[in-house]
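Taken in sequence, the protein lines are chains G and R. Note that the numbering used here has the first sequence beginning at 7, numbered continuously upward. Note that the numbering used here has the second sequence beginning at 7, numbered continuously upward.
Please keep in mind that the hints were generated in silico from the structure rather than gathered at the bench. Keep in mind that this is a model prediction, so the values were computed, not measured. Treat the hints with caution; some may be incorrect.
Pairs count within a copy or across copies, as identical chains cannot be separated in the list.
Straight-line alpha carbon distances no greater than 25 angstroms define the calculated SDA-like cross-link-like pairs of lysine to any residue that follow [unchecked claim]:
{"id": "1", "residue 1": "Lys156", "residue 2": "Gly111"}
{"id": "2", "residue 1": "Lys156", "residue 2": "Arg35"}
{"id": "3", "residue 1": "Lys156", "residue 2": "Arg145"}
{"id": "4", "residue 1": "Lys156", "residue 2": "Leu71"}
Number of protein chains: 2
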Amino acid sequence: MSSTSAFLPSVSPTPRTRALAENPRLASRAIELLQTFQAFVRLDADDARCVVAYLREVAYARGALLFAAGDQSSSSYLLLLLEGEVSVDAGSTGAREAVPISVLGAGSVLGEMALLDGAPRSATCTALSDIQAAGLSRRGLERLIDEHPKVAAKLLAGLLQRMSERLRALGEQLALYGQVSRP
Amino acid sequence: MSSTSAFLPSVSPTPRTRALAENPRLASRAIELLQTFQAFVRLDADDARCVVAYLREVAYARGALLFAAGDQSSSSYLLLLLEGEVSVDAGSTGAREAVPISVLGAGSVLGEMALLDGAPRSATCTALSDIQAAGLSRRGLERLIDEHPKVAAKLLAGLLQRMSERLRALGEQLALYGQVSRP
Numbered sequence: 007m008s009s010t011s012a013f014l015p016s017v018s019p020t021p022r023t024r025a026l027a028e029n030p031r032l033a034s035r036a037i038e039l040l041q042t043f044q045a046f047v048r049l050d051a052d053d054a055r056c057v058v059a060y061l062r063e064v065a066y067a068r069g070a071l072l073f074a075a076g077d078q079s080s081s082s083y084l085l086l087l088l089e090g091e092v093s094v095d096a097g098s099t100g101a102r103e104a105v106p107i108s109v110l111g112a113g114s115v116l117g118e119m120a121l122l123d124g125a126p127r128s129a130t131c132t133a134l135s136d137i138q139a140a141g142l143s144r145r146g147l148e149r150l151i152d153e154h155p156k157v158a159a160k161l162l163a164g165l166l167q168r169m170s171e172r173l174r175a176l177g178e179q180l181a182l183y184g185q186v187s188r189p
Numbered sequence: 007m008s009s010t011s012a013f014l015p016s017v018s019p020t021p022r023t024r025a026l027a028e029n030p031r032l033a034s035r036a037i038e039l040l041q042t043f044q045a046f047v048r049l050d051a052d053d054a055r056c057v058v059a060y061l062r063e064v065a066y067a068r069g070a071l072l073f074a075a076g077d078q079s080s081s082s083y084l085l086l087l088l089e090g091e092v093s094v095d096a097g098s099t100g101a102r103e104a105v106p107i108s109v110l111g112a113g114s115v116l117g118e119m120a121l122l123d124g125a126p127r128s129a130t131c132t133a134l135s136d137i138q139a140a141g142l143s144r145r146g147l148e149r150l151i152d153e154h155p156k157v158a159a160k161l162l163a164g165l166l167q168r169m170s171e172r173l174r175a176l177g178e179q180l181a182l183y184g185q186v187s188r189p
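Based on the provided sequences and hints, a complete structural model is requested.
Below, the structure written as structure tokens:
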């Protein structure tokens with residue numbers, strides 16, 4: 007992940023990762039959290055175990071910058087938070103101009119937008135505590151679609167449902183601003 | 007689709023539909039538009055033809071209310087716009103309080119959020135002209151996942167990419183409001 011502008015703060019280097027399955031405690035946490043995706047088609051325990059085989063263990067220390075808004079996400083991956091909290095801020099990454107969106111905890115997904123479209127990161131994500139996460143790369147997702155298309159479809163439906171929740175929340179925030187700014 | 011509150015305007019009744027494949031002109035327009043989904047995995051012509059078999063032809067007259075914000079979407083379906091334009095407004099459906107989000111044209115997808123989570127419609131969609139659209143019901147999507155999981159996964163990836171674009175646009179709008187409201 008390389009910054010293309012001198013104005014962007016450095017994103018913390020992607021830490022060394024290993025297959026999530028090599029960490030049984032985190033793997034079973036991921037299996038549990040993947041089953042909470044509330045889409046109309048749900049990942050069952052077998053599906054979740056199948057997904058876990060495509061995930062990498064990723065850890066960040068408190069204060070680490072996971073993604074910076076505007077950063078070109080050349081090595082795209084999404085993260086499923088397993089432990090810890092991350093703050094999400096929109097707009098410029100300068101602290102003065104940051105617009106706080108939310109604090110995400112275990113079970114939250116982040117980074118999926120850049121994974122999907124390869125566009126620059128839309129928000130700045132900072133670790134509020136030490137973070138344990140499961141990473142899914144674009145290549146991993148492509149392999150999952152090829153090798154287990156039905157599980158992949160369920161995972162994508164779950165991601166869509168999560169994104170839909172965020173769109174609803176942002177829409178409500180926007181409607182609120184609209185009302186506030188109206189005389 | 008039934009309104010649960012007396013304050014909600016009536017949504018135009020879902021028009022009678024028929025299989026999209028019975029209208030060769032609209033079916034081939036849908037095949038063309040489905041291939042423009044810019045996800046990292048793309049629907050090719052065969053995939054798009056496969057999807058079309060699960061779509062219904064839906065028409066609305068100019069001025070029709072397709073969805074009303076807050077409406078319980080008991081019969082969930084998403085629409086792929088084939089011809090015509092639709093305005094999308096957030097917040098309350100009262101004209102005075104509506105916050106315009108955007109105008110959508112051919113190739114746009116709407117209604118997918120309620121399809122995914124069964125929650126009330128998040129926005130009000132009004133036909134700005136006569137509309138031709140392709141409808142996909144939740145049952146249709148479930149059947150597509152069962153019968154053609156790989157095509158379903160590609161379609162869902164495409165929907166995710168579309169939703170991701172909208173999240174980016176809303177985030178930017180929100181950041182703008184944040185800057186405007188700052189002294």
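Hints numbered earlier in the text: which of these fail when held up against the supplied structure? 1, 4
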